[in-house]
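Peer 1: Sequence:
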Amino acid sequence: MSDVTTLPYFHGNISKKTCEALFAANGKDGSYLVRESETIPHALCLSVYFQRIIYTYRIFKNHRGRFMVQTGFGVKEKFFKTLADLTAHYKKPGKGLVIQLICPLERSKTEEEDKDNDYEEVNDADYVEVLPE
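Numbering (the numbering used here) for the sequence shown: 1 to 133.
Derived by calculation from the structure, the hints in this document are not laboratory data.
Fair warning: there could be bad hints in the mix.
[Stated by the list, open to error] Computed list of lysine-lysine pairs in BS3-like fashion (alpha-carbon distance at most 27 Å, straight line): (1) K95 / K81; (2) K76 / K91; (3) K95 / K78; (4) K95 / K61; (5) K91 / K61; (6) K91 / K78; (7) K81 / K92; (8) K76 / K17; (9) K61 / K92; (10) K95 / K16; (11) K16 / K28; (12) K92 / K78; (13) K81 / K61; (14) K78 / K16.
Just so we're clear, the structure is a prediction, and the values are computed from it rather than from any experiment.
All chains, please: the whole structure from these sequences, using the hints.
Peer 2: This is how it looks when you write it as structure tokens:
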């Protein structure tokens, strides 16, 4: 899923509660983001905001590396080469979502910085002086 991580609306491993807070603060009809599923390994969630409700669609990647949104029984599956292709398709009205994707909820700089900060939980007591004074 490496190509996924470069998309500005991919929020990675955020919880459903964090997702809800982002939409509460910034959501408007048609806002969306993609995050990792908390319950299904290797699955993604497309979260879409519409009329103060967050709709979540599961996205799976098949054995050929193609992305698809989980569909209901009897609905033909549609596969996409990239996640960007999938979101571009659902930006058009009438494609099966509660509302077309309109406004990506992009991750903030602080979210990106937190993801890159491996030393976030380190305090001064964890350091060892190696050079004599």
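Peer 1: Are the hints correct? Go through all of them and say.
Peer 2: Comparing the hints with the structure gives:
1. With a CA separation close to 17 Å, the supplied pair K95 and K81 stays within the 27 Å bound.
2. For a cut-off of 27 Å, the pair hint linking K76 to K91 stands: about 18 Å separates their Cα positions.
3. Taken as a hint, the K95 and K78 pair is honoured in the structure, with Cα atoms around 11 Å apart against an allowance of 27 Å.
4. At roughly 19 Å between alpha-carbon atoms, K95 and K61 fall within 27 Å of each other, so this suggested pair holds.
5. Pair hint K91 plus K61 holds up; C-alpha atoms about 20 Å apart against a cutoff of 27 Å.
6. About 15 Å separates the Cα atoms of K91 and K78, which keeps this hinted pair within 27 Å; it holds.
7. Restraint check for K81 and K92: satisfied, since their Cα atoms lie roughly 17 Å apart, inside the 27 Å limit.
8. Pair hint K76 plus K17 does not hold up; C-alpha atoms about 31 Å apart against a cutoff of 27 Å.
9. With a CA separation close to 22 Å, the supplied pair K61 and K92 stays within the 27 Å bound.
10. In summary, the hint linking K95 to K16 is supported, as the alpha carbons are separated by about 24 Å, within the 27 Å threshold.
11. For the suggested pair K16 and K28, the alpha carbons sit about 18 Å apart, so the restraint of at most 27 Å is met.
12. Simply put, K92 and K78 have alpha-carbon atoms about 14 Å apart, close enough for the 27 Å limit, and the pair holds.
13. Pair hint K81 plus K61 holds up; C-alpha atoms about 10 Å apart against a cutoff of 27 Å.
14. As the CA atoms of K78 and K16 are separated by approximately 26 Å, the hinted pair is consistent with the 27 Å bound.
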